[in-house]
Amino acid sequence: MENMVNVYLFGKKYSVPDNLTIMRAMEYAGYQLVRGCGCRNGFCGACATIYRIKGDTTLRTCLACQTKVENDMYIATLPFFPLVKQVYDIEKVKPTEQIMMQLYPEIYACVGCNACTKACTQSLNVMQYIAYAQRGEFDKCAEESFDCVMCGCCSARCPAGISHPQVAMLARRLNGKYLAPATEHLENRVKEIENGTFTELIEALMGKPVEELKELYNNREIEK
Amino acid sequence: MYGKEFEESLKAVAAARDANIAYEPARMTAKEKEDLLAAYHPDYKKSEFRELRVGANKGEALPHELCDMLEAKSRIKAEDIDLDHPTYDVDVLIIGGGGAGSSAAIEADNAGAKVMIVTKLRIGDANTMMAEGGIQAADKPNDSPAIHFLDAYGGGHFAAKRDLLAKLVTSAPDAILWLNKLGVEFDKAPDGTMITTHGGGTSRKRMHAAKDYSGAEIMRTLRDEVLNRGIPVIEFTSAIELILDENGKAAGAVLMNMETKEIMVARAKTVIIATGGAGRMHYQGFPTSNHYGATADGLVLGYRVGAKLLYADTLQYHPTGAAYPQQIFGALVTEKVRSLGAKLVNRDGKVFMHPLETRDVAAASIIRECSDHAEGVDTGDGLAVWLDTPMIEKIGGEGTIEKRIPAMMRMFASFGIDIRKEPILVYPTLHYQNGGLDINVDGETTNVKNLFVAGEAVGGIHGRNRLMGNSLLDIIVFGRSAGKNAAAKAKETEVGKLTLSHIAKFDAERDAAGIETNLVSPKLLPDYARKFN
Numbered sequence: 001m002e003n004m005v006n007v008y009l010f011g012k013k014y015s016v017p018d019n020l021t022i023m024r025a026m027e028y029a030g031y032q033l034v035r036g037c038g039c040r041n042g043f044c045g046a047c048a049t050i051y052r053i054k055g056d057t058t059l060r061t062c063l064a065c066q067t068k069v070e071n072d073m074y075i076a077t078l079p080f081f082p083l084v085k086q087v088y089d090i091e092k093v094k095p096t097e098q099i100m101m102q103l104y105p106e107i108y109a110c111v112g113c114n115a116c117t118k119a120c121t122q123s124l125n126v127m128q129y130i131a132y133a134q135r136g137e138f139d140k141c142a143e144e145s146f147d148c149v150m151c152g153c154c155s156a157r158c159p160a161g162i163s164h165p166q167v168a169m170l171a172r173r174l175n176g177k178y179l180a181p182a183t184e185h186l187e188n189r190v191k192e193i194e195n196g197t198f199t200e201l202i203e204a205l206m207g208k209p210v211e212e213l214k215e216l217y218n219n220r221e222i223e224k
Numbered sequence: 001m002y003g004k005e006f007e008e009s010l011k012a013v014a015a016a017r018d019a020n021i022a023y024e025p026a027r028m029t030a031k032e033k034e035d036l037l038a039a040y041h042p043d044y045k046k047s048e049f050r051e052l053r054v055g056a057n058k059g060e061a062l063p064h065e066l067c068d069m070l071e072a073k074s075r076i077k078a079e080d081i082d083l084d085h086p087t088y089d090v091d092v093l094i095i096g097g098g099g100a101g102s103s104a105a106i107e108a109d110n111a112g113a114k115v116m117i118v119t120k121l122r123i124g125d126a127n128t129m130m131a132e133g134g135i136q137a138a139d140k141p142n143d144s145p146a147i148h149f150l151d152a153y154g155g156g157h158f159a160a161k162r163d164l165l166a167k168l169v170t171s172a173p174d175a176i177l178w179l180n181k182l183g184v185e186f187d188k189a190p191d192g193t194m195i196t197t198h199g200g201g202t203s204r205k206r207m208h209a210a211k212d213y214s215g216a217e218i219m220r221t222l223r224d225e226v227l228n229r230g231i232p233v234i235e236f237t238s239a240i241e242l243i244l245d246e247n248g249k250a251a252g253a254v255l256m257n258m259e260t261k262e263i264m265v266a267r268a269k270t271v272i273i274a275t276g277g278a279g280r281m282h283y284q285g286f287p288t289s290n291h292y293g294a295t296a297d298g299l300v301l302g303y304r305v306g307a308k309l310l311y312a313d314t315l316q317y318h319p320t321g322a323a324y325p326q327q328i329f330g331a332l333v334t335e336k337v338r339s340l341g342a343k344l345v346n347r348d349g350k351v352f353m354h355p356l357e358t359r360d361v362a363a364a365s366i367i368r369e370c371s372d373h374a375e376g377v378d379t380g381d382g383l384a385v386w387l388d389t390p391m392i393e394k395i396g397g398e399g400t401i402e403k404r405i406p407a408m409m410r411m412f413a414s415f416g417i418d419i420r421k422e423p424i425l426v427y428p429t430l431h432y433q434n435g436g437l438d439i440n441v442d443g444e445t446t447n448v449k450n451l452f453v454a455g456e457a458v459g460g461i462h463g464r465n466r467l468m469g470n471s472l473l474d475i476i477v478f479g480r481s482a483g484k485n486a487a488a489k490a491k492e493t494e495v496g497k498l499t500l501s502h503i504a505k506f507d508a509e510r511d512a513a514g515i516e517t518n519l520v521s522p523k524l525l526p527d528y529a530r531k532f533n
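For the protein sequence lines, the chains are A and B, in the order given.
Each step along the first sequence adds one to the number in this note's numbering, with nothing skipped, and position 156 is 156.
Each step along the second sequence adds one to the number in this note's numbering, with nothing skipped, and position 515 is 515.
Treat the hints as calculated values from the structure; they're not laboratory data.
Glycine included, C-beta positions come from ideal geometry on N, C-alpha and C.
Certain hints may be false.
[Stated by the list, open to error] Derived BS3-like pairs: lysine-lysine, alpha-carbon spacing no greater than 30 Å straight-line:
| no. | chain 1 | residue 1 | chain 2 | residue 2 |
| --- | --- | --- | --- | --- |
| 1 | B | K350 | A | K224 |
| 2 | B | K484 | B | K497 |
| 3 | A | K68 | B | K11 |
[Stated by the list, open to error] What follows is a list of derived Cβ distance ranges for each label pair:
| no. | chain 1 | residue 1 | chain 2 | residue 2 | range |
| --- | --- | --- | --- | --- | --- |
| 4 | B | A39 | A | E194 | 43 to 51 Å |
| 5 | B | M1 | A | S123 | 15 to 23 Å |
| 6 | B | G112 | A | K92 | 18 to 26 Å |
| 7 | B | R229 | A | K191 | 25 to 33 Å |
Just chain A, same shape as in the assembly (with noise of 0.2 Å):
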């Protein structure tokens, strides 16, 4: 037999099995999602939830689809946050401080309050990520952050006003284009590769009948 916990989805009353997660507990519960669900698995961010346990004061937010029912839930999903996201050229764009200053000046009102850490749903130091953002510290913000799902719960309780996501993805691309170093044995292959220095062993392999790349295949050398 099945534990049930009543939870209280939109505040109405739905008594479900305690091994479901909110997501599942959901669809238990009759709704056939279109919002609000996306991987099902924890990386894309759509099912940003808000719950609160009855009798505790304490706000808190997760993803509807790793995170169990309990009981006395009361649960409102978040299925879409007006972050802000700027546009901006990668091409043209520096790694200087400048760049957070023109795009996102909101993040030097950051007053400190560190609610977007205690509300990320992948326990990242948010309010750390953006002081490095702050600096200009690219690199830090990038890997400080680079968990982040998008989701929004930390912008959705910033007093600031801050997209922290859309601030850290910027961090990225900045990290990843112009600060982690470049990589020159990717760049010689894709030269090799534009002057044609594979072109008749590819174009050799194609011609072979299926029973010589049998061959070839079953006892080609594997790096250990």
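Chain A is already provided as a structure; the job is to place chain B on it using the hints.
This is chain B only, laid out in the frame that chain A set:
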């Protein structure tokens, strides 16, 4: 948190750990693999397939669930649709907002085309976002596109279309460079050298990664770029029927708002299907690692206007889906876990296979271990084998798991399992649609003009099995290529009068075959809501 019922088996696994790390299991011979697949791989289970009775692939045996959708009725009646006043009129219409669709959009935009993406959920709600392990490219000095070709061709059972595969491997390094220049972060050594690992079936370490968020890192960057360029993205809007023009060329799609059900028409000079995979069809009742919208829509849309399918009978079951706890049943446990050294171990703590066999072989081997070998662990919801994650910390040093596979660590930690200290339970999960629409090397379908396909909806790039890391690669390579080619084709295209006459033609064929069905397609979303009446 493992219950008491797992205690004995966990002890056996822990006791054998050091010996298992040192032990190098033999790889299977070609014959052993062949026999194993025939006996245990789901693709070989005849009762799960039936003959398709209509369309370009009539007579082929395909999964029941796919046959049902391919033979089903249109969601619309042609006479209800006003084709003379389209809501949208563009050069290139892209159906699907995943990695392939976004790559295509960026390149079509680069080429100066007026491009638009329609997607039934949000841009980025796609299997791309969930790809964890990495992306292949032969860019190291000891590697070459030719070796990559051989690995993929053999791994796909010598069935790939050779020209498509050659394009995949020779465009791979440029795809990585393109992503890196867009700002995608890759795991690199301080001197810029890519940190690369093996995947199942690779003969060189050519798996590039961004921790175990490789797909997410690629997808969010592509999405950001699409938005920076101001490319229109029409979200929560699905394509439910393709539109041809009077000359039989693809010329747009009928669209439906997923929330309001409003019907609209998009007219286009060329169309790119980038709708992704089919895990949510739950073939053979398997759970899936796929995102919510993976319902083979593109195959249905293309098939109804006459496009051919290739290898639609072959699916990839990822050997390591999470089997416990029940809340994450079927979720992907990235192959990178095995790349980093974790081995597959049975109930008694015995390593039963080389951890880096190709996915189909690994899946079949696990199924055999749990069935005929009776060496599976009973999870309460089914059988499973152990994937001994603590090996990774012993081999790579403490902290390796947190640094290289943080998403896996987080997923299991949410449910009280510390994968640094305890192994995890896995069983195959429906992961990838090997087959799809048949295309030429330019990405255009072989028999419907101006209809392009990219990404998981394509069949033939990989053959009958796909190697880890070649899918993230194919969405970029073939997405970019489809975008460029569709933009070029749009320039020379004059759209004729629009028509939906293919619906009546398909209906007539269905009637002639004596098929009675109330189903409509494409499926759009799975239905998981509990039913009360």
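Cross-check of the supplied hints:
1. B/K350 with A/K224: It holds: about 22 Å lies between the C-alpha atoms, which stays within 30 Å.
2. B/K484 with B/K497: At roughly 25 Å apart (the allowed maximum being 30 Å), B/K497 and B/K484 satisfy the hint.
3. A/K68 with B/K11: Holds. A/K68 to B/K11 sits at ~28 Å (cutoff 30 Å).
4. B/A39 with A/E194: 43 to 51 Å: 46 Å, holds
5. B/M1 with A/S123: 15 to 23 Å: Check passed, 18 Å falls within 15 to 23 Å.
6. B/G112 with A/K92: 18 to 26 Å: 19 Å, holds
7. B/R229 with A/K191: 25 to 33 Å: 28 Å, holds
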